[in-house]
Structures are given as C-alpha cells and as structure tokens.
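What follows is each chain in one-letter form.
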Amino acid sequence: NAGVTQTPKFQVLKTGQSMTLQCAQDMNHEYMSWYRQDPGMGLRLIHYSVGAGITDQGEVPNGYNVSRSTTEDFPLRLLSAAPSQTSVYFCASSYSRRAAYNSPLHFGNGTRLTVT
Amino acid sequence: AQSVTQLGSHVSVSEGALVLLRCNYSSSVPPYLFWYVQYPNQGLQLLLKYTTGATLVKGINGFEAEFKKSETSFHLTKPSAHMSDAAEYFCAVTGSGYQKVTFGTGTKLQVIP
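Chains A and B, in that order, are what the protein sequence lines are. Number 33 in this note's numbering belongs to position 33 of the first sequence; there are no gaps in the numbering. Number 48 in this note's numbering belongs to position 48 of the second sequence; there are no gaps in the numbering.
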C-alpha cells in the first residue's frame, strides 16, 4: 500500500544548483501532477501528465522540467534553483486521464525544499 | 480558465459548534468540485466531491457540501466540530478539459475546546 512516494522529504540547495524531485506511484494511475504549496497561495499546478510520454504545463511551469517515460514515475527537475523556488512540493496522481473525474487525486507526503 | 475563492484564511469554532467553510468557484464549463483536507506535515486527502447529480454531497467524517449553481458556491459544513477536525481545508475545481485541478488558497480550521 505504498501509494504515491516522494523523495527526498527535505532538501537544501544553493542558488544555481540543479536537482530532481522523485515521484513514484504503484496504483497504475494514468494521471500524475506536480504542485507547489506556498503560504497564503494554496497549491499551484506546475506540470501534469495524462500518460507515459505526454506532459503539459500547469500554472507555474517556469524553472521546472518534467518527463514521463513510465506510468509509475514522474520526476520534477529544477534546472537552476532560485530562492523563489523555496516551497513544499507535492506529487499527486489519479486513475483517470481526466483528473479527479472518477477517482480522487492521491497525494504524496511532500518534499520541503529550501534554496539559499 | 477555472478558479476558486475561499473566504477566510483562518476560521475558529468551539468544539460542538457548526463548521462552515466558504468556497466560490468560476468555470466556463460545468465544474467538478472538491474539498480536500490537509493535516500537518501530510499530503491532501479527499473529503468529498461533486460531479453531477445530487447537489448535496456527503463526505467522510460527517462533512457535507452543497453545490449551488445560481450562487456559484460549494460551501463545506459539519453540524458539530470535533477537535480532530483541526486542519487546513482546500476547495478545488476542475473545468474545461478536466485535466487541471485548481485549488483555492485554503482555510485553516481551529477548534477550541
């Protein structure tokens, strides 16, 4: 019953460094997405994918890349970290290609990222 | 584009009192609406959802919400607050294309003993 697994749980980066946040799900979900959560701003969609090989931009995609080579994995890459990317990042998946249509979004426990 | 507005970033209620968390939405197509709850240091969990059909939706832990198209609202209620209800609550909508879920800014519920 792993569900959605995010690694690492915590990360500190220096400005300009790059890194990859990992997200894996074992529920055979077609839909996967990345959100960032900031105080007073709720959750904002960064990128999403409706299946292997298909990705699209959300509300705040700048500075982030994604790929979906398998159904299970949806990594988020920070190309050159900036202090504005300090946030809590959540990965979420859903069974249907139409997000949350017939099944809810399942969330991981988040990655807390600090960029100094 | 779709959006949701949650009125009140913080709400305090006494234990046993009515809980009312407000959500108004905007969508260019018939919306699907959701309420999620987040406990500290955890991801979000679905409380309830409205897609089509009955406008009064019941969820887990005694929560319910009513979809009112004329008011573009989807307020969350619970008749009697419990200490374990203290958490942050997010209203969300998916609309055109139903591939993006847009969340509100959240309401932190405090329950006073």
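Any given hint could turn out to be false.
[Said to hold, decoys possible] With a straight-line Cα cutoff of 25 Å, these simulated SDA-like cross-link-like pairs (lysine to any residue) come out: (1) K14(A) x T71(A); (2) K100(B) x K14(A); (3) K108(B) x V60(A); (4) K58(B) x G16(B); (5) K100(B) x P61(A); (6) K108(B) x T71(A); (7) K100(B) x T71(A); (8) K100(B) x V12(A).
[Unchecked claim] One-sided and incomplete, this derived list gives chain B residues near chain A with beta-carbon spacing under 7 Å: (9) G43; (10) G62; (11) T107.
[Said to hold, decoys possible] Which bits of chain A does chain B cover? Going by a derived footprint, with three or more residues having C-beta under 8 Å, they are: (12) 27-41; (13) 62-69.
Derived by calculation from the structure, the hints in this document are not laboratory data. As the structure is a computational prediction, the values presented were derived from the model and not from experiment. Beta carbons: idealized from backbone N, C-alpha and C, even for Gly.
For this session: Measure nothing beyond the straight line between the CA atoms of K108(B) and T71(A); if it is 25 Å or shorter, mark the hint as holding.
Result: With a Cα-Cα distance of about 34 Å, the restraint between K108(B) and T71(A) is violated, given a limit of 25 Å.
Problem set entry | Given coverage of the segment 27-41 of chain A by chain B, checked by CB-CB distance under 8 Å (3 or more) | It holds, with 5 qualifying residues against the three required.
Problem set entry | Hint consistency between K108(B) and V60(A) [alpha-carbon to alpha-carbon, up to 25 Å] | holds (24 Å)
Exercise. Quick one, are K58(B) and G16(B) close enough, alpha carbons at most 25 Å?
Worked result: holds (19 Å)
Exercise. K100(B) and K14(A): Cα distance at most 25 Å?
Worked result: Measuring from Cα to Cα gives roughly 31 Å; hence the hint is violated.
Exercise. Was the hint right that T107(B) lines chain A, CB cutoff 7 Å?
Worked result: violated (10 Å)
Problem set entry | Evaluation of the interface hint that places G62(B) against chain A, nearest CB under 7 Å | violated (18 Å)
Exercise. Given the hint that K100(B) pairs with P61(A), does the C-alpha gap stay at or below 25 Å?
Worked result: holds (13 Å)
Exercise. Given the hinted pair K14(A) and T71(A), is their alpha-carbon gap at most 25 Å?
Worked result: Answer violated: K14(A) to T71(A) is near 31 Å, above 25 Å.
For this session: Compare the distance between the alpha carbons of K100(B) and T71(A) with 25 Å, and conclude whether the hinted pair is satisfied.
Result: The given pair, whose Cα atoms are some 18 Å apart, holds under the 25 Å limit.
Problem set entry | Straight-line alpha-carbon gap K100(B) to V12(A), limit 25 Å | With Cα atoms ~29 Å apart, K100(B) and V12(A) exceed 25 Å; violated.
Exercise. Do three or more residues from the segment 62-69 of chain A put their C-beta atoms closer than 8 Å to C-beta atoms of chain B?
Worked result: violated (count 0)
This entry does not satisfy hints 1, 2, 6, 8, 10, 11 and 13, going by the numbered hints stated previously.
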